[in-house]
Amino acid sequence: MRCPVCNNEGCRAFLSVDDRDYWRCEACLATFLDPSQRPSGQDELAQYRLHRNDPMDAAYRAFLDRAASPLLERLPPARQGLDFGCGPGPALAIMLREAGHTVALFDPFFYPDPAVLANTYDFITCTEVAEHFHRPAEEFSKLDALLSPGGWLALMTTLQHDDTKFANWHYRRDPTHVVFYREATLRYLAAQHGWHCELPFQNVALMHKPVTESS
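Start counting the sequence shown at 1050; every next residue gets the next number (this note's numbering).
Simulated from the structure, these hints should not be mistaken for laboratory data.
Bear in mind the structure is a predicted one, so any value in this text is a computation, not a measurement.
Please note that a few of the clues may not be correct.
As the list claims (entries may be wrong) - Restraint ranges, calculated between C-beta atoms of paired labels, are given here:
#1 G1090 - N1056: 22 to 30 Å
#2 N1056 - E1147: 23 to 31 Å
#3 V1066 - P1137: 25 to 33 Å
#4 P1157 - N1056: 17 to 25 Å
#5 N1168 - H1245: 16 to 24 Å
All residues carry an ideal CB built from backbone N, CA and C; glycine is no exception.
Using the sequences provided together with the hints, build the complete structure.
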């Protein structure tokens, strides 16, 4: 079994629960659902349509602010950004636009505009999205290509800590959540791509893509 996050082949069976089989990567420590059991696109869309992520909801905006605030502290004025996996209600993009930035939208279900993926960006947000990736290694490589040198990638996903609680963990029970990250997983990914990794708040990571001589 190859890890879908880091492409390492050193994975072991981790846990079977609720007719779902999970694997653990020995390299990056990601936990992931057996690829044969991933939901179909139709099932994913049906689940996403149940979400109620109102951009004007104060509690939801406060939740997203844990990613927005540290990102805004690091951005120069009037940058060009991308909200990757924005969903039907792109609340974070609205918040960042209110702060003076330009934000494009991409979501494979709700904003599937391939032209957006032909550009590069000063920052990219990916909040409550990475746990849905069926092929995380490909998605993170795509994000790296979309991010300009010197840019920031803001990730938000609930990190896994305690294996003994995994079976009953509410985050696992969402049928569209197919991969679960630890802090070590995010740092492993950062090292793979040459990013500098910061974790300013719980479940929030900021990846900085350095400027190189070839840039």
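Against the structure, the hints come out as follows:
A beta carbon spacing of about 23 Å between G1090 and N1056 agrees with the range 22 to 30 Å that was offered as a hint. The hinted window of 23 to 31 Å between N1056 and E1147 is violated, with their beta carbons roughly 39 Å apart. Separated by about 30 Å at the C-beta atoms, V1066 and P1137 satisfy the suggested range of 25 to 33 Å. Taken as a hint, the range 17 to 25 Å holds for the pair P1157 and N1056, whose Cβ atoms sit roughly 22 Å apart.
A hinted range of 16 to 24 Å for the beta carbons of N1168 and H1245 is consistent with their spacing of about 23 Å.
The structure is inconsistent with hint 2 alone, although it conforms to all the rest.
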